[in-house]
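Peer 1: So the chains spell out like this:
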Amino acid sequence: MSEHKHEPVPYRTFILIWIALLALTAITIAVSRVHLGPLNVWVALGVATLKSSLVLFFFMHLKQETRLFRLGLLVLLVILAIFIGMTFIDTLYR
Amino acid sequence: MNPLTNPTAQGVDAVLIYIFGVSLLLLLGITVATIYFVIKYRRSKYPEPTSEAHGSLWLEAVWTLLPTLIVLTMFWYGWTHYLGLRDVPAGAFEVKANGRMWSWQFQYENGRTSNKLYVPTGKPIKVKLTSSDVIHSFFMPGFRIKRDAVPGMESYVWFQAPETGSYDIFCAEYCGTGHADMITTAEVLSAEDFERWYEKSAAATGVARGRELLEEHGCLGCHSFDGSNSIAPTFGKLKGLEREISHEGLEQKIIVDAEYLRRAIRAPGADLVEDFPPIMPAYGDEISETDLDEIINYLLEGESKPLIDGNKLIEENGCLGCHSTDGSKLIGPSFKGLGGRSSEVKRDGQELKLKVGADYLRRAIRNPGHEIVADYPAIMPAYDHLSDEEIEAIVEELLKK
Amino acid sequence: MSIEHRDDTGDRFGMWLFLYTEVILFSGLFILYAVSLSRFPGDFAQGSHQLNIYLGSINTIVLLTSSLTIALAVSAIQMNRIRQCLTLCGVTVVLALVFLVNKYFEWSAEISHGIYPGSQHLAEMGAGVSAFFNLYYFTAGLHGLHVLIGGSLIGVVAVLTARGKITSERYTLLENSALFWHLVDLVWIFLFPLYYLIL
Amino acid sequence: MSESTTYTGFWQESPRPGILGWLLSTDHKRIGIMYLCCITTMFIVGACLGLALRLELIAPGVTVMTPQTYNATFTVHGIIMIFMFLIPSIPAAFGNLLLPIQIGARDVSFPKLNLISWYCYVIGAILAMFAIFGGGGAPDTGWTFYVPFSTQTSTNVSLVAFAAFMLGFSSILTGINFVTTVHRLRCKGLTWGRLPLFVWTLYATAWVQVLATPMIGITLVLIILERTFGAGLFDAARGGDPILFQHLFWIYSHPAVYIMILPGMGVISEVIPTFARKPLFGYWAMALSSLAIAFAGSLVWGHHMYASGMSDFAILIFSFLTFIVAIPSAIKVFNWVSTLYKGSIELAPPMLFALAFIFNFAIGGLGGLALGAAASDIHLHDTTFVVGHFHYVMFGGGGFALFAALHYWLPKFTGRMYRHKPAVISWALLFVGFNITYMAMQAVGIMGMPRRYYDYLPQFHTLNLISTIGSWILAVGLIIMFVNLWQGARKGRPVGKNPWGAATLEWTIPSPPPIENFGAEDPVVTKGPYEFKGVVADEY
Ligand code: HEA
Ligand code: HEA
Ligand code: CUA
Ligand SMILES: [Cu+2]
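Chains as they are written, first to last, in numbering that gives the first Met the number 0: chain A, 0 to 93; chain B, 0 to 400; chain C, 0 to 198; chain D, 0 to 539.
Hint data in this document are derived by calculation from the structure and do not stem from the laboratory. Beta carbons are placed, not taken as given, at the ideal position from N, Cα and C, and that holds for glycine.
Covered stretches of chain C, going by a simulated chain D footprint (3 or more residues, C-beta under 8 Å): (1) 5-13; (2) 24-34; (3) 129-143.
Chain A with its partners taken away, still in its complex shape:
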């Protein structure tokens, strides 16, 4: 049971991440004004994924945690993909 203590993250890093998040928000709003058809949704989701990884890895300290935490997240994402994907196997081909 090894104790794993985090170094405090400097304020500066967090503020930079915050600025990046705001910038991405601006981008996603701007892109949504351009008509790209179904691509709009994918762009929006892509940006959202980018934003959420910033939050996960920095704000939520995932970067500092052990491998176990990242493995857990991976399991979650795989399961999530299965749940959504396999539902579409039905609805798309009905």
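We have chain A; now place chains B, C and D with the ligands onto it with these hints.
Peer 2: For chains B, C and D with the ligands alone, kept in the frame of chain A given last:
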């Protein structure tokens, strides 16, 4: 069960037999091995184990691969035969089946509707399924087909009956109180019989139009004529009845009349009969104005002759195959002069003489084995699938003969 | 009891597991959303037009900022800057309230237009639009509930910090509440484009 | 042994005296015992309802209850048996009792959360009882809550859905606790390769609890919202889709069946080596197949929907994956049987139940194959064959595993041994009664009798009658078993540390275990869980 010479049942049965067969072998193998080991290596004989094996890669590989192969064959076999259930042969005869609480209504291409599914032999039949309230499921065990009828969606099943006969249709998706009573039959007729039935106009069936409409629209799934109020108020003696209803939450008393009945059918939510749940669907376009008048008229006035045609039932149920109406002795006693006749019967091994009356006839149809008429074999089937009303109608006719 | 066991990593791991369950909880609604979107793309765009993009964007900024402040609060406690930590927690709670007030105005405006689950107006706008707004209300409602819970949690943690129960030696509770708050933010990061920006 | 007759371990040692010492206890053993009591109560209630169902089906037509009562009865029977009995049974009761001890820990990672989880369970159970017996109409939707029926019926569906939500929450908290505990609190020397199989299966189960249960949570919440607001989430006319509800429901409820069976498989994997005195055959295959079942189990939910109107392509995929899940189960069965080979086998009561488990589970699981194949499922779906299938796996599997666990570990936790002869008699009655009841049920299902029918056509009568008679034999067996266990726990002969000669950690500490399990010194593990060399059984 019915003889299985129809294509859908043959396909499904092949899969069932394959899977059950392989399963039985596997089960047998496992059970025999277990029992053998348990007896052979019992502790009284072997106080210590004679092996310390932790495993064997080779064996593990075998019993990973073996089941994999077995299940893959099962999967493939099951899937290909499933496709057979989905591919409707060309030129199929189409019927619509609408499920609702708690009856099926079948609609044919010429507009004819019925509660039983009438189809010709030898022709593929495509049944298109819809539902007007909750999910039901159209299940014909004799043909191994089943499919849900989902509100807002259309699906289908197909089957083909090589022989005439009557086949059960169940509702297999739970749909409320009357789920188990959502049973009907598919009547497979010869091509000529079917043609005759198909062309016959609805009026010629001998049943009042109003009554027929009530059946077709499934009203009798919830309402009865016999005074029982289990799910919905009974239709017995509606005319002039005083009703406590709640109208927009307010309770009031009204007298049942045509105006009220019209509202109760078109907009059942507006006036709710006390103590009943608000589950009755609103009937809009599917009942035309004229039909509605027929229904209301029937509900208020009823009809003078028996609701059900006893003679027709006697014919339909094959009674005349064994009984004559002209006094001649066939397999069973003749119907002629039945009412008031006295008859020698054997009950519980004891012989007695009794007078034929309604009570006796009811027993004789429901439970023929109970009393056997002297000199006749105990072969009459029990007609316990007939409803009370039907039995009554038959008895009434028999007593007249 | 006798020997106290302490396992901060374990506590954090437990919290992450809990967050996974939250993600799955929301994913149920996202599945419904995704299927409906693929079925009625046009109607969804039409529904999305009727949402107020300004209020939505403001709320996005509010939540992102609150995520920053609570992250900073964790750094502050690690560096034993209790006062700063308390201020940052306070700001986070205030931002949570701002979010909710904002949402309140947004919803009242929509409801006054006759748009709410089961309304007559919705039914007239057609199946796809109905589906859009039903999902919008239920998803945003569930998210709002989480904002409420997260905000309260941070309030409680701030009180504990002020009382000296949470220190630079022992701050897992603050860290875990912060994790919960970030999850609330994460959900919104997806919710916002999916409901406000589909055009 | 004279001290051990008065020694009572965690039953007496407690920071708080009396009933509060239980209700506020964070000791995993006390919580486990509290779970066990609740679960047994729920089982008895549910079982009596099951008996009533069989009584109604003794003959066609209405026999002992009205159609509406029948519908409510099977709904309540299913809800109780699944959410209140089988899902928490082995994980929450025996998992709590044993998991920390088997990994050499003092308690679970979050003892307080553990107690909260128990309270969630109790609140959920009380709410459910209230919804069922508190007037207003017991729910009549079936345990599957299919829309649109469940949003239309006027019975207490919302309340029971909320109750199930609470029960799900309880299950989630237990899952979080167990995953963390297994990762963080294993004692020195207890590597992953030395974990008892029971721990492995609990670990796999806990992941399923964490990742699948929230889905039923949101599904139930949607039913409640739909019933309150009437928004039309699943109404086709308003953009909804009733089949989508079935997806959400089964996304949880199929993995849930593995929550029910995996820990049971773990129990069997403990019992069989002990009574064969031989290491479990294929340890890693057994451990990994548990994880494989847990993972693959989340891929196959669509096999409940072949007849629902789902796309044919989805049926192809789901049917294929369903067969894939059967493989790890098959591996387990083969490994259990080969553990017996060249062992030294003692047919003690736990072993008898374990062997019965293998037989019943094999029948149930092989029946599952007939359901997994698309063509045959079309015929068998929603017939009593399905009912037979899941009683075979849930009762014949999960239930019998629980009975094995009771006979195996109760002496550990009560410090007393039940009588063996009545135990064997009850086992025989249960085994025979069980197979009569459900074999007949499966047969009548193959003939085509739909499930959830209070009434049936005459051709189904004989088999239903046989099934009902079987259920009475079953009832007698159950009563004998419970009475025997109860008497054993109260006044049976005291047992020592290790009556069965087993090799896992719980058998190295006194019976019943003391409050912090291992005293001042944490244990150090130096060998695998099934190395019986040098382990001596205490006399009992
Ligand atoms: C403990 C619970 C449990 C378990 C473990 C299982 C296990 C399995 N189940 Fe079952 N199932 C239920 C509980 C369970 N089920 C419930 C509750 C329902 C109904 C819900 C409802 O509608 O109310 C249901 C319904 C159900 C259906 C839907 C039926 C329908 O409604 O149409 C299907 C279809 O595929 C299915 C399949 C399977 C399969 C393939 C397995 C497999 O995991 C089985 C694997 C096991 C074996 C294969 C046997 C052991 C191995 C051998 C003997 C070795 C030899 C084997 C091979 C060579 C393969 N189950
Ligand atoms: C763990 C799960 C579990 C268990 C153990 C059981 C146990 C039993 N079930 Fe259960 N059953 C389900 C889970 C379970 N069931 C589920 C999920 C459904 C589906 C519901 C739905 O469709 O929605 C179902 C449905 C179901 C049906 C189908 C209803 C229908 O579709 O029409 C039937 C019918 O016979 C039935 C019967 C029984 C019987 C006879 C038992 C017997 O094994 C019970 C044996 C017990 C006894 C006979 C009583 C013994 C008495 C005591 C222990 C009292 C002792 C008391 C003292 C000493 C004080 N069950
Ligand atoms: Cu209709 Cu069941
Ligand atoms: Cu399943």
